[in-house]
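Visitor: Here is how the chains run, residue by residue.
Protein chains: 2
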Amino acid sequence: MTGGSNRVESFPDGSDLEASLPLPTPSLAPLEVHKVSVPHELTTLQYFKQRLCEVFFPDDPFHQFKNKPFLRKLVLALQYIFPIFEWGSDYSLSLLKSDAISGVTIASLAIPQGISYAKLANLPPVIGLYSSFVPPLIYSVLGSSKDLAVGPVSIASLVMGSMLREEVSPEKQPVLYLQLAFTATFFAGVFQASLGLLRLGFIVDFLSKPTLTGFMGGAAVIVSLQQLKGLLGIVHFTTKMGFIPVMQSVFEERTEWAWQTVLMGLSFLAFLLIARHISSRSPKLFWVSAAAPLTSVILSTTVSFIFKAQNHGIKTIGHLQKGVNPPSVNMLEFQGPYLSLAIKTGIVTGILALTEGIAVGRTFASLKNYQIDGNKEMVAIGAMNMAGSCASCYVTTGSFSRSAVNYNAGCKTAVSNIVLASAVLFTMLFLMPLFYYTPNVMLSAIIIAAVIGLIDVQGALWLWKVDKFDFLACMSAFFGVLLISVQMGLAIAVGISLFKILIQVTRPNTVILGNVPGTNSFRNLIQYREATRVPSFLIIGIESPIYFTNSMYLQERILRWVREEEEKITKFNENSLKCIILDMAAVTSIDTSGMEALAELKKILGKRSLELVLVNPVGEVAQKLSHSGTWDLFGTERIYMTVGEAIAASSYKSKI
Amino acid sequence: MTGGSNRVESFPDGSDLEASLPLPTPSLAPLEVHKVSVPHELTTLQYFKQRLCEVFFPDDPFHQFKNKPFLRKLVLALQYIFPIFEWGSDYSLSLLKSDAISGVTIASLAIPQGISYAKLANLPPVIGLYSSFVPPLIYSVLGSSKDLAVGPVSIASLVMGSMLREEVSPEKQPVLYLQLAFTATFFAGVFQASLGLLRLGFIVDFLSKPTLTGFMGGAAVIVSLQQLKGLLGIVHFTTKMGFIPVMQSVFEERTEWAWQTVLMGLSFLAFLLIARHISSRSPKLFWVSAAAPLTSVILSTTVSFIFKAQNHGIKTIGHLQKGVNPPSVNMLEFQGPYLSLAIKTGIVTGILALTEGIAVGRTFASLKNYQIDGNKEMVAIGAMNMAGSCASCYVTTGSFSRSAVNYNAGCKTAVSNIVLASAVLFTMLFLMPLFYYTPNVMLSAIIIAAVIGLIDVQGALWLWKVDKFDFLACMSAFFGVLLISVQMGLAIAVGISLFKILIQVTRPNTVILGNVPGTNSFRNLIQYREATRVPSFLIIGIESPIYFTNSMYLQERILRWVREEEEKITKFNENSLKCIILDMAAVTSIDTSGMEALAELKKILGKRSLELVLVNPVGEVAQKLSHSGTWDLFGTERIYMTVGEAIAASSYKSKI
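Here the protein sequences line up with chains H and R, keeping their order.
For the first sequence, position 181 matches number 181 in full-length UniProt numbering, and the numbering has no gaps at all.
For the second sequence, position 551 matches number 551 in full-length UniProt numbering, and the numbering has no gaps at all.
Keep in mind the hints are simulated off the structure, nothing from the lab.
Here the structure is a predicted model, which is why all the values come from computation and not from measurement.
Worth double-checking, as some hints may not be accurate.
One copy or two, either will do: identical chains are not told apart, so a pair holds if it fits within one copy or between any two.
In silico DSSO-like cross-links for lysine-lysine, where the CA-CA straight-line distance does not exceed 27 Å [unchecked claim]:
1) K315 x K602
2) K500 x K209
3) K465 x K500
4) K209 x K344
5) K368 x K240
6) K607 x K412
7) K368 x K602
8) K465 x K35
9) K73 x K571
10) K66 x K315
11) K209 x K308
12) K49 x K68
Required output: the full structure, derived from the provided sequences and hints.
Guide: Shown next as structure tokens:
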């Protein structure tokens, strides 16, 4: 059934055809009718192997190993697992200079942000510093991105804090809370690394961009609202995260608002936002916003020290313990009543951290024109969190804001992460006492300034303009996070996104095609308004695979098209309908229900003396039709390669 | 941006083109390049209206009401809601004669089956008769099928029995069990009618045929195994449903096997199966298997009466209460700890009953060439179950076996259901004492003979041949039901079916196209082995909508195609690659992530001096590309209507 063109010997010279076809002579259907081929058959094993390869190894990661001697393969494998061996051998002093500058720059941002984000997760500030030390070191060995700046990030911190707080109070049970945070981090790492090793990275793709836009916007609002506690100096603040309880709490505790705190907070917030605004004007001015947080920490600490701020109701960080990360393996809890909470939190924060880390890595890789292997990155990020959980770190990933600064500061390799870690180490060993007078309100201002950039109003408006359904998913995530809970917002948005795919498969488009004048092409009449119908033919394009979910719908919808066409013909007294042509070019897959629907449709139309003709069944569909006997049911005289050939052949047949 | 063909004035005479293109002269690309149109814009409201109409009213049920006077509309509406008014006015004596014969025939089948199926659901046998009386009457007024024979069915009975028994024992708490059965029936009816009224009938389509094949096969095995209790005369039988506990129980209680029961059971089972076999040879002999159950009931009852069977260890049905259905409204329980069980059972049995009823209705409608409105049927079946639950009936629907007999016996309208109900009424009023001596083993034989036809080995083999994934879904359902539980089997199979759709959307096919010699068509090189590549061009067909779930994959996959093509070119020293053409004919939808991936791809390829050209974006995709600015990014000189035009124009451009 494969191959070859099949000249219809008895075909007339074409003059008859012209009369019945509105096609102009130069592009008239060729007199040859081409047999529709069926791809050569695969064995079940070959089929599954091919499908599995496409699902799990679409990027063919091992192609570089092909036809190489054994020793070379070994070196390549080592470089594959530890990318540091790949770029390490070419490392030079000039590269180190660039990396050192960018490393110090991101450290100045990472230290205040680390302390702030730890507070978002209801953890002691020093955990934020610990988490900016070990993970960057591990990532620099395993990671394949040259630009990623690793450390705690706002979204994952917020989600971890809100999920754990639902069951355990960080104030009343601080040790248990800390144990859970480390255990959740460990599970996040295990989950991330497994996704990478099992090459299931595509699970991350189920968080679509619109969903993330809405989710991050909602989370940013929630995070900012939480900072009202610090910004207004409120002592008795709600522990809830929702928009409504927080606003209630803010206004009920008006008496606790402290003007000194508010003044200081707003001034520094304004300073940070102005710095952000200046940097957004030109990438060259990136250092303005990069240096702003550390500058304001130093400034505010000095002010607070000189004016004895704590006497004026401004709370400060207080004593921070000196020294490097203490080990925390003994704090991992793999049993007890909170195990499922730790696993759940680990999976959710793990997937969010992955999404952010990989998106950031890809963004900067594409700016510098190199490729990131998603699955490899997952293993690197997972390993870094597993190791981190044993060294008093909580969930970390690549941060967007710090990676942008890293990129703009001219980083060349992951060495900038080593420099960052060294700077953090120096801070932990010698500079901890300096934070004693740093006001808490400063941390709130830093958090707000950092997350406010996540509220992407422009992006949401663009979604509204381009795709209403994406906008709906975005808004559901936003309001879900704001009004219900962070996790529910995420779940709703993912649900809506998947529902969209299913509804599209359940209720696919069918369109009526007509001939585009002057060509042999047949296109959607609504799209190409110059296209004309072919009398006696109804050409229907099916814009979807035919599955059990839509086979019944398609059958009914096609019969309705036929009914409407016949009503129109009666009304305008046109040539009676003879043949229904189904253009299957977009039917990329079919299942057994779909084939039965086609056979059923042929039978129903046959009873009304209408021909049903299939055009251009593609590879997999052709194969299945041929296997199932549907092909023989239609016969080669009812399956054509192009609509033009089908019309020409059918018109000719009806003449004899 | 719409309409019109756009003559490229400066186009050369074509002789140059021929040199660079392997297309033969007669079918050379026309010298006109056609602008790709964007469909005219819909407002948001129009768009949603159109989409909602397609989702909920694909069959346009109200088209018959258009342009009719008010009174006529009223009559049509009445006929729409109560189909009996449509066919009732033309009813004649000759139709009645046919309906009476078929009605009596199905009654002779329905009475023994009703009693047997009630036992499957762990209900008193008389409930099976009640359920064969009220529901057929209601269906005959509301239903639109002419062939459906309504009553209890095996699958729904089994599922109701197994779901309720998990929490309530029918032996220890018979009243509570009965209450739950009626309440579940009520909820099944509410659920079914709501699906119909809300026009959500497509939810039933999510149970694909392969899934159902596996599920029904598994359920048939489970049901048959349960009958071993009756067939072997075992007294202490397990209450579990699984394959393993039942087989254990059968062999552990070998001492209880009663040879008299076994002998009687096997003889009548053989009789029923032989009758079935005879009927399957020719539709004209349908009456053999239709009459067999009643014949064997009469025979076995006589034998049992004469030989005083109960003295030989053969258990009989015993006393059955005379009289019509007692009301059961007071037994519906809308509160208490078992409410959620009743709702869950109602929904699961309701959806299974709908699936069977609608499939049966459609099958026979298509044999007689009339249409069934799925949503209307759902309302009818739902109403019949709601009413039934108030009149001591449990879940009913259209039964496949009885409808087939009905059809073969020559039924013409739903009046055959009225005749069936009358015959059942007569039985309930006068013939109940006759069942006193009917042996229980007879009911087991009837059930086995009825469900054994549900095991569709041929169908499963066909699935294996045609579609491995469908076979996998089928087998999962089968073994899920057999080894885990009826509900889990169903859940697994639905999960697999949906997963298949998602994996297809997540990892879509991409194919390389080539020119089919002698035509202007470009087709999959693997399918059409005579097709040839066009030097310097890489033509990639994308066989899927581009969504967030696959945009990243497609981007990577296309880059891999490019890499592989470039490696091949280097190896064979061919013309260097200049242009990548994406054939978008099968890209029936795109979301914002998809458009970003296209833009990103263009950027990446642009950096390597490769052109990216889009061909034939269809309606919705063209609109979104144009809205989002992606269209302008590509520009009209990188978007063409056909692959041929794209190649011709690009080759020409590279010449100037």
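Visitor: Is the C-alpha distance from K315 to K602 at most 27 Å within one copy, between copies, in both cases, or in neither?
Guide: neither (79 Å within a copy, 53 Å between copies)
Visitor: From the Cα coordinates, with 27 Å as the cut-off, is the pair K49 and K68 best called within, between, both, or neither?
Guide: Within. Shortest intra-copy distance 24 Å satisfies the 27 Å Cα cut-off; inter-copy 60 Å does not.
Visitor: Between K368 and K602, at a C-alpha cutoff of 27 Å, which is it: within one copy, between copies, both, or neither?
Guide: Between. Shortest inter-copy distance 15 Å satisfies the 27 Å Cα cut-off; intra-copy 55 Å does not.
Visitor: Can you give me the call for K73 and K571, within, between, both or neither, at a CA distance of at most 27 Å?
Guide: between (74 Å within a copy, 21 Å between copies)
Visitor: Reference check for the pair K607 and K412, CA-CA at most 27 Å: within, between, both, or neither?
Guide: between (72 Å within a copy, 20 Å between copies)
Visitor: Go through the copies and call it for K465 and K500: within, between, both or neither, with a Cα cutoff of 27 Å.
Guide: Answer is within: at 18 Å inside a copy they meet the 27 Å cutoff, but 32 Å across does not.
Visitor: For K500 and K209, with the copy left unspecified, which applies at a CA distance of at most 27 Å: within, between, both, or neither?
Guide: both (14 Å within a copy, 23 Å between copies)
Visitor: Is it within, between, both or neither when you check K209 against K308 at 27 Å Cα-Cα?
Guide: neither (47 Å within a copy, 77 Å between copies)
Visitor: Can you tell me if K368 and K240 fall within 27 Å by alpha carbon in one copy, between copies, both or neither?
Guide: For K368 and K240, neither the intra-copy (43 Å) nor the inter-copy (64 Å) Cα distance is at most 27 Å.
Visitor: One pair to classify: K66 and K315, alpha carbons no more than 27 Å apart. Within, between, both, or neither?
Guide: neither (63 Å within a copy, 74 Å between copies)
Visitor: How would you label the pair K465, K35 (within, between, both, or neither) given a Cα cut-off of 27 Å?
Guide: This pair counts as between: shortest inter-copy Cα distance 24 Å, intra-copy 44 Å.
Visitor: Which holds for K209 with K344 at a C-alpha limit of 27 Å: within a copy, between copies, both or neither?
Guide: within (23 Å within a copy, 36 Å between copies)
Going down the numbered hints, you'll see the structure goes against 1, 5, 10, 11, while the others check out.
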